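Single-letter residue listing:
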Amino acid sequence: MRVSYYPVLIASIALVCFACEKSIDAFSSSGNGPVKNGSLSRVVTVGDHIYTVDDNHLRSINAKDPAKLLLTDDRELAAGVQTIFHHSGNLYIGSAFRMYLFDITSNPSKPALLSSFDYPVMIEPKDPILAFDSVIYATATSGIDMGIFRIFHNKDPRNPQLRASIPMREPRGMDRKDSTLYICDGRYGLRIYSINNPFAPILVKTIDQDKLLTGDAMGQNDYYDALIVPPLMFCYVKGALLNYDISSARNPVFLYKLQ
Amino acid sequence: MIRLFAAILLGTILSACGKKGSTGEVTGWRPVYAGEAEYKMIRSLPPQPIVNAGKIAYASGRLFMVEKNKGVHVVQYADPASPVKERFLEIPGCYEVSYKGGYLIVNNGADLVSLDISQPGAVRVASRLAKVFRSIQEAGNMPPDAVAGEYFECPDMLRGVILRWEKAPLREPACRTLP
Numbered sequence: 001m002r003v004s005y006y007p008v009l010i011a012s013i014a015l016v017c018f019a020c021e022k023s024i025d026a027f028s029s030s031g032n033g034p035v036k037n038g039s040l041s042r043v044v045t046v047g048d049h050i051y052t053v054d055d056n057h058l059r060s061i062n063a064k065d066p067a068k069l070l071l072t073d074d075r076e077l078a079a080g081v082q083t084i085f086h087h088s089g090n091l092y093i094g095s096a097f098r099m100y101l102f103d104i105t106s107n108p109s110k111p112a113l114l115s116s117f118d119y120p121v122m123i124e125p126k127d128p129i130l131a132f133d134s135v136i137y138a139t140a141t142s143g144i145d146m147g148i149f150r151i152f153h154n155k156d157p158r159n160p161q162l163r164a165s166i167p168m169r170e171p172r173g174m175d176r177k178d179s180t181l182y183i184c185d186g187r188y189g190l191r192i193y194s195i196n197n198p199f200a201p202i203l204v205k206t207i208d209q210d211k212l213l214t215g216d217a218m219g220q221n222d223y224y225d226a227l228i229v230p231p232l233m234f235c236y237v238k239g240a241l242l243n244y245d246i247s248s249a250r251n252p253v254f255l256y257k258l259q
Numbered sequence: 260m261i262r263l264f265a266a267i268l269l270g271t272i273l274s275a276c277g278k279k280g281s282t283g284e285v286t287g288w289r290p291v292y293a294g295e296a297e298y299k300m301i302r303s304l305p306p307q308p309i310v311n312a313g314k315i316a317y318a319s320g321r322l323f324m325v326e327k328n329k330g331v332h333v334v335q336y337a338d339p340a341s342p343v344k345e346r347f348l349e350i351p352g353c354y355e356v357s358y359k360g361g362y363l364i365v366n367n368g369a370d371l372v373s374l375d376i377s378q379p380g381a382v383r384v385a386s387r388l389a390k391v392f393r394s395i396q397e398a399g400n401m402p403p404d405a406v407a408g409e410y411f412e413c414p415d416m417l418r419g420v421i422l423r424w425e426k427a428p429l430r431e432p433a434c435r436t437l438p
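These protein sequences, in sequence, are chains A and B.
Numbering of the first sequence is given in my numbering, commencing with residue 1 and proceeding in unit increments.
Numbering of the second sequence is given in my numbering, commencing with residue 260 and proceeding in unit increments.
One chain only, chain B, in its complex shape (with noise of 0.2 angstroms):
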């Protein structure tokens, strides 16, 4: 009963999840999941910019910092008057980042994988745990160019990684931005 309750709340009141949408079909944003493949493609690339900042870690005189859907900036603290961002690591639908004796823990889609940077310059999936992130409500989940009151379809992460939004025809979508 609680959980019946607390699912009707958080679909009535959170960001993501407004009230049922119309009964027939109506013209909102629908997410374009990356192939399996394509998402679980984890490289290492030259610095990025910082564009949409995520979660934060610090182990080892580096900093970690997400990139929200994106991947990891690596920042290094040797000297930590002067910081230097060392590398990006591209992680398909990454929002969570953590550490554990020399390997990076990040969330790849719905996966949590540990990553071996120990080589400068590469980065090697260690080990993959599937769907242990089954719902992540972040701001990469939703259409981004979406306007207040706006309908799309919700984002379902055992489908895989969004790599972008379209606009479509919906039947009775159940998400919708606040109006």
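The shape of chain A in the complex, shown without the other chains (with noise of 0.2 angstroms):
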């Protein structure tokens, strides 16, 4: 049994990572090329399938043919669910209770549970997860100064260990670029970590400069999420788009806002 699912696991493994790193790169306009979500997404595509959660369900959908959506699976999860993240053929689902991983690899269409683990403290379930290497980082906020940033050494995804919890204002969406991390810490702007050692990140620089650009209503200038593809990184806000140059990427320029 293992002799046999070691091979269909790196091969799919291998084909995930080539879509994840063609998603990431040039500026092309080919309509058929992958796509990059955001961390507070509540739906991600990988390769065929489509894959949604809503409070306390996670549905599989086959989009071989985007034209004909089916429906292959529908299982029930703790309450609370609001974002689901993929990476290396596993989905890592976000809840206010618990984090579940499960593995898309040995059947796409129905995908199989590997663990989960069980917060000790809840807090209000807006819970982006970016996960890379053998790294999880889940976020969680309350909306009033009470919010946390989680690490998790992810060696063995049936067994992620709790590494870290660093309380935070804010924190909601995050993306990364290499040894940066970015968080969207709400009102408190956008904060930029080394993480040079991952499991020990350091605060190097906080951005809220553009808090100037309007100055108005309150919440107008909240950082929501952040989504980056090289050499830009997207940030929005409640109003705006707002498009900064990570050439440097401890060193954001900002280059334009959309509203």
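If you're looking for bench data, these hints aren't it; they were derived computationally from the structure.
The structure displayed is predicted, hence computed values, not measured ones.
Accuracy of the hints is not assured; some may be wrong.
What the hints assert, rightly or not - 25 angstroms max Cα-Cα, derived DMTMM-like pairs, lysine to aspartate or glutamate:
hint	chain 1	residue 1	chain 2	residue 2
1	A	Lys68	B	Glu297
2	B	Lys299	A	Asp65
3	B	Lys426	B	Glu345
4	A	Lys257	B	Glu297
5	A	Lys257	B	Glu345
6	A	Lys110	A	Asp73
7	B	Lys390	A	Glu76
Two independent chains are provided; combine them into the complex using the hints.
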């Protein structure tokens, strides 16, 4: 059983990784490129499959022909699920009470539960997840200065280990470029961390000068999510899309604001 | 048991759902739902201003950004130095966006739909899966003008897309904004 399982797994991971690399590549405009979703998403597209979460369900949809969507699996989870993230053949699902890891390499039509991690303290489930290498970052916030940034060692997806819980203000979406991490911290701006050691992030700087651009109504400039497509980083605030050049990863240059 | 616990905790703590309201009749906010024909009307419009920015996805040289509860802004990045807002896709009840093989994947209320956006200035629903998103808690699903501690009728996505909210007498509403 194990002998036959591994070649399939490795082949699938290779395919998936190839797709990932392509997705953050050049600004091509052909219609068939892969997609990169923000970390707050409730929908991810992986190869020919789409996965959605809503409150307490994980649904799998065959989209080989996107004009004929086909539901292949509907699985019940604990309540409060808000986000889904894909990395290397695993789905990471963030909920108020726990994080789920599913494998989609053995059967993409029916994800298999690998593990779940129960959070010791429940915070309101705005809970994006970012996974890479053997690391999982998960943020959660109550929206009233009671946020948390959790770091897991994910050497074995069947048993992720919580390494650190760092208090934050209002952490929401995040993305990463090499050894630099960007976390949108709501009204407190965009936090930039060095993650040379991914288990011990060091805050390098906070960008919130964009508040000066309008300086108007409360909440208008809260940072919600960041999405990186080199050399650009897209961030959105309530009423605008901000564009940064991150050729120098720890010194983003503000380019323009679409309104 | 865990699910029950979860439901109670969520019901108590979440911003949308406060503790159960008074036993009698109170004044609060009631959602007005769009009829089926109305909420399924998806169309391509000229670019619109960004008011309530929502989730983003990038594919094939374009950034797609949700306008909460209203649709998707399509921004062309053929030249990264000068993005162009190409058009606005009006999609009632939209909060989620992704992409697959030339098709935009979005929620239209509770439904998941794939949209053929290959023709400039046009959009066509290619496929629709009903009732994929039964519960999305977002700002657009709460009465925007409600003040702290006000009661409202809990939104039910299975009843359709919320067009607007109106003040009305409510009988034992289960939702309330944070006090």
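Here is how each hint holds up against the structure:
For the proposed pair lysine 68 of chain A and glutamate 297 of chain B, the alpha carbon gap of about 23 angstroms is at most 25 angstroms, so the pair holds. For the suggested pair lysine 299 of chain B and aspartate 65 of chain A, the alpha carbons sit about 21 angstroms apart, so the restraint of at most 25 angstroms is met. With a C-alpha separation of about 37 angstroms, the suggested pair lysine 426 of chain B and glutamate 345 of chain B falls outside the 25 angstroms cut-off, and the hint is violated. The suggested pairing of lysine 257 of chain A with glutamate 297 of chain B is violated, with an alpha-carbon distance near 33 angstroms, which exceeds 25 angstroms.
With a CA separation close to 15 angstroms, the supplied pair lysine 257 of chain A and glutamate 345 of chain B stays within the 25 angstroms bound. At most 25 angstroms may separate the alpha-carbon atoms for a hinted pair to count; lysine 110 of chain A and aspartate 73 of chain A meet this at roughly 6 angstroms. Between lysine 390 of chain B and glutamate 76 of chain A the alpha-carbon distance is near 14 angstroms, which keeps this suggested pair within the 25 angstroms criterion.
Hints 3, 4, counting from the list given before, are not met by this structure.
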